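S.K.: Residue numbers (the working numbering), protein chains in the order written: chain A, 1 to 412; chain B, 413 to 552.
Calculated directly from the structure, the hints in this document are not laboratory data. From a predicted model like this one, the values you see are computed outputs, not experimental measurements. Hints are not guaranteed to be accurate.
On the chain A side, residues computed to face chain B include the following (Cβ under 10 Å) [unchecked claim]:
1. Gly28
2. Leu31
3. His349
Each residue gets a CB set at the ideal place from its N, CA and C atoms; glycine is no exception.
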Amino acid sequence: MNDTINHINFDVESIRKDFPILNREVNGKPLVYFDNAATSQTPRQVIDVIVDYYTNYNSNIHRGVHSLSQEATDLYEQARLKIQEHVNAKYNHEIIFTSGTTHGINLVATGFSSLLKPSDEVLVSALEHHSNIVPWQMLCERTGALLKVIPMNEEGELVIDTYENLLSEQTKLVFVNHISNALGTINPIETIIKKAHKVGAAVLIDGAQSCPHIKPNVQELDVDFYVTSAHKMCGPTGVGMLYGKEEWLRKLPPYQGGGEMIAEVTFEKTTYADLPHKFEAGTPNIAGGIAFGAAIDYMNKVGFDVIATYEHKLLEYATAQLLAIDGLKIYGTAKEKTAVISFNIEHIHPYDIGTILDKMGIAVRTGHHCAQPIMDFYKIPGTVRASFAFYNTKAEIDALVQGVKKAKMMLS
Amino acid sequence: MTITEIQNEIIDEFGMFDDWEERYQYMIDLGKTLPLINEQYKTQDYIIKGCQSKVWVHAEMNDDKVKFTADSDAIITKGIIAILIRVFSNQHPKDIIEANTDFIDKIGLKEHLSPTRANGLVSMIKQLKMYAIAYQTQLN
Numbered sequence: 001m002n003d004t005i006n007h008i009n010f011d012v013e014s015i016r017k018d019f020p021i022l023n024r025e026v027n028g029k030p031l032v033y034f035d036n037a038a039t040s041q042t043p044r045q046v047i048d049v050i051v052d053y054y055t056n057y058n059s060n061i062h063r064g065v066h067s068l069s070q071e072a073t074d075l076y077e078q079a080r081l082k083i084q085e086h087v088n089a090k091y092n093h094e095i096i097f098t099s100g101t102t103h104g105i106n107l108v109a110t111g112f113s114s115l116l117k118p119s120d121e122v123l124v125s126a127l128e129h130h131s132n133i134v135p136w137q138m139l140c141e142r143t144g145a146l147l148k149v150i151p152m153n154e155e156g157e158l159v160i161d162t163y164e165n166l167l168s169e170q171t172k173l174v175f176v177n178h179i180s181n182a183l184g185t186i187n188p189i190e191t192i193i194k195k196a197h198k199v200g201a202a203v204l205i206d207g208a209q210s211c212p213h214i215k216p217n218v219q220e221l222d223v224d225f226y227v228t229s230a231h232k233m234c235g236p237t238g239v240g241m242l243y244g245k246e247e248w249l250r251k252l253p254p255y256q257g258g259g260e261m262i263a264e265v266t267f268e269k270t271t272y273a274d275l276p277h278k279f280e281a282g283t284p285n286i287a288g289g290i291a292f293g294a295a296i297d298y299m300n301k302v303g304f305d306v307i308a309t310y311e312h313k314l315l316e317y318a319t320a321q322l323l324a325i326d327g328l329k330i331y332g333t334a335k336e337k338t339a340v341i342s343f344n345i346e347h348i349h350p351y352d353i354g355t356i357l358d359k360m361g362i363a364v365r366t367g368h369h370c371a372q373p374i375m376d377f378y379k380i381p382g383t384v385r386a387s388f389a390f391y392n393t394k395a396e397i398d399a400l401v402q403g404v405k406k407a408k409m410m411l412s
Numbered sequence: 413m414t415i416t417e418i419q420n421e422i423i424d425e426f427g428m429f430d431d432w433e434e435r436y437q438y439m440i441d442l443g444k445t446l447p448l449i450n451e452q453y454k455t456q457d458y459i460i461k462g463c464q465s466k467v468w469v470h471a472e473m474n475d476d477k478v479k480f481t482a483d484s485d486a487i488i489t490k491g492i493i494a495i496l497i498r499v500f501s502n503q504h505p506k507d508i509i510e511a512n513t514d515f516i517d518k519i520g521l522k523e524h525l526s527p528t529r530a531n532g533l534v535s536m537i538k539q540l541k542m543y544a545i546a547y548q549t550q551l552n
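Just chain A, same shape as in the assembly (with noise of 0.2 Å):
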């Protein structure tokens, strides 16, 4: 089935046959995957390169003097310069490889310990994963800076003339995210780093959810901090990366000490490695690297351009035929967002309509999306929530109503 859509003919059956999983029958039925926000599924040409990975080139790197290690550790840079381009990073030695985007976040909070002080205050957007507040929090408890919240609207925006009010000369840092994962939310990041480096504070953008999207531009953006996470654009889990300016990277001290992070060690003192190996403690996620370098050249080759044009038809399509059931409320309806549909059925609770759902092969996220602040914010217990990719189809959503309605008719 070719699926045009604004002159681009994409075919969505040929995608589907790189994704082996979506074959699968879970309870019975064709799974319908539709928790993308939450991990992306896996291309047979990323699957492969940890197949190869470790089928011929295993061995550890940087280090060896052996054929084996310097195969392994020119693919691994190899990645790190594949990232670099893809989110156009002046320096490769600006990209460090993280276990995903809350290790990014840590490893910058925690840095961040030695440079705050006491009338010092964050800025953290009412929009975020409890990823992005909790190191912020523990930030805050360590220095006694202040965290203030950038509140959000009923639409799920983020309301910019409150935070302008909010930015002052203590104002040292600012964290938003890019794509709030709960409502699918873009919001304005252009503004918000203008904004605040003008009191010159510096600016941490959680990509988790925009990278399988958006190409980041950072130098564009002029962004001081960008991390994501290599499962959520069809890489494999427990790698990500840390993008940091390089005057950044250079103040910040190092967030673990091991292995390769150093130059010299003796029981007196260690000198540091340079960037970026001052903040690569250990031996990585090689095959995770690597893998994350051969996702970033799938999705590529599909085309970000592409992807976001048909994803956005089907957040139209499902959008239109979710709103058509009785009782059913959309939460999070910016203008500007993502495949995310956020919803609830009337006096129905989110955890049975996906225990429904899941019985019929449907797999969605239930509940508060570790963001429970927006819970909070609409007094809710929590959502449904329909997170879609490139590789879902009008039939799968079409599934997926059907499936809310049966819910609906069982649990009314």
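Got chain A sorted already, so can you dock chain B onto it with the hints?
M.R.: Positioned in the frame of chain A, the structure of chain B alone reads:
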């Protein structure tokens, strides 16, 4: 009836259902008929926090038997609670302590008692047993 007899009765009842839909519809209906916990016990003191659904449990002892009432904000969770209450309520503390919950596997609801399900049911069973242990101590 003993706990084992009630469990066997429930296994027989569920044996009549042909597919998951009938099983779940039955549970949902059970959830709707569950005698609600007295509102005064629907507080933080009696809550068992699951990540997804909340469960409230209250216990009291009359004539050496423990009587449980409970509620949840999710109906399927409530249906399973109704089954658990039917099994464990109005029993001697010692019998509650010694009872197992294998029957849940046999009626095809095992997934709801998985510790990773985060619906509060695993903690609820622990709580029922804790109440039973406390009352047993009073009897000794």
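S.K.: Given a cut of 10 Å on the nearest C-beta pair, is the interface hint for A/Gly28 held or broken against chain B?
M.R.: Holds - the Cβ of A/Gly28 comes within 10 Å of chain B, reaching about 9 Å at its closest.
S.K.: Could you check if A/His349 really has its C-beta closer than 10 Å to a C-beta on chain B?
M.R.: With Cβ-Cβ at 4 Å, under 10 Å, it holds.
S.K.: With a cut-off of 10 Å on the beta carbons, see whether A/Leu31 makes it to chain B.
M.R.: 16 Å, violated
Against the hints set out earlier in the document, a violation occurs for number 2 only.
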